[in-house]
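S.K.: Make the full structure from the sequences, and use the hints.
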Amino acid sequence: MCGRFTLAAADHDLDGVFGHYSWPERRLRYNIAPTQQVLILKGNSSEPAWVRWGLVPRWARDTSGAARMINARSETVLEKPAFRDLMSRSRCLVIADGFYEWQLLPDGKKEPLYFQLPGGVPFGFAGLWDTWHDPTGQIVETCTILTRAAPPWLGAIHNRCPVIVDRSAHKRWLDTAQKIDMASADWIEPLTEFGLPYARVGFRVNSVANDDSACREVHTKKEPGMVENHPRQGELF
DNA sequence: CCAGACGTTGTT
DNA sequence: GTCTGG
DNA sequence: CCAGACGTTGTT
DNA sequence: GTCTGG
1 MCGRFTLAAA DHDLDGVFGH YSWPERRLRY NIAPTQQVLI LKGNSSEPAW
51 VRWGLVPRWA RDTSGAARMI NARSETVLEK PAFRDLMSRS RCLVIADGFY
101 EWQLLPDGKK EPLYFQLPGG VPFGFAGLWD TWHDPTGQIV ETCTILTRAA
151 PPWLGAIHNR CPVIVDRSAH KRWLDTAQKI DMASADWIEP LTEFGLPYAR
201 VGFRVNSVAN DDSACREVHT KKEPGMVENH PRQGELF
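Every letter in the first sequence is one number past the one before it in our numbering, and letter 199, counting from 1, is 199.
Relax, there's no trap hidden among the hints.
In silico SDA-like cross-links for lysine to any residue, where the CA-CA straight-line distance does not exceed 25 Å:
(1) K80 <-> P34
(2) K171 <-> D13
(3) K222 <-> R148
(4) K171 <-> G43
(5) K222 <-> G195
(6) K80 <-> A185
(7) K109 <-> K221
(8) K171 <-> I188
Keep in mind that the hints were calculated from the coordinates and are not lab data.
M.R.: This is the structure in structure tokens:
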């Protein structure tokens with residue numbers, strides 16, 4: 001799944017992937033957490049937008065459920081009332097250049113692992129966004145990131161992973177007039193399926209208070225396929 | 001008809 | 001808002 | 001996602 | 001254990 005990610009790429013590198021936009025002034029982020037502002041591209045807008053991560057549907061009474069709506073399962077997103085309409089109205093790309101997944105170790109600790117595309121080039125998570133009016137009438141825009149079952153190369157680490165839209169399908173994902181076949185993989189970044197480079201980065205990232213380049217400093221570099229299983233006691237063989 | 005839910009992940 | 005359960 | 005809190009009453 | 005905050 002996806003519960004933390006990074007966006008520290010330069011504007012120039014965002015241009016290279018998403019096309020030229022007027023990127024807002026922004027802080028480099030190494031530990032973006034749910035409920036925080038994230039940078040997205042909407043299909044109907046020529047400007048990137050900041051929205052809160054954690055979907056608040058337009059009909060919600062309050063924002064209390066938002067922290068549990070940071071992800072939407074791609075397998076069911078077309079059926080769920082909270083997401084279904086957004087799939088045909090409000091798709092977006094959530095801009096990132098890496099993400100963290102936690103692997104449960106035998107001693108019960110959770111070790112963060114950092115995943116990127118080769119070269120650390122930026123990418124867009126498949127996202128949905130919505131608009132909510134708070135009791136005073138203020139508009140709050142929020143978003144969620146789609147997830148999918150982890151492909152085999154990732155399975156030993158985690159059973160879910162975020163959906164990264166293939167660069168060639170950015171236009172299609174953002175254009176809600178075009179149908180997306182959720183059962184097809186032709187719009188998904190192929191390395192999601194075949195393997196991303198990743199690294200051990202240490203436990204500092206676990207605390208959201210830490211948000212600096214040390215969070216993703218590589219301790220041990222890994223290649224896809226080098227996934228180490230950590231069976232729990234009693235589950236050896 | 002009205003009332004109440006509407007979501008994901010992980011773990012067992 | 002829209003669907004489900006009673 | 002992980003980390004950290006998790007409660008009431010009355011009195012100042 | 002479960003909820004909230006970031």
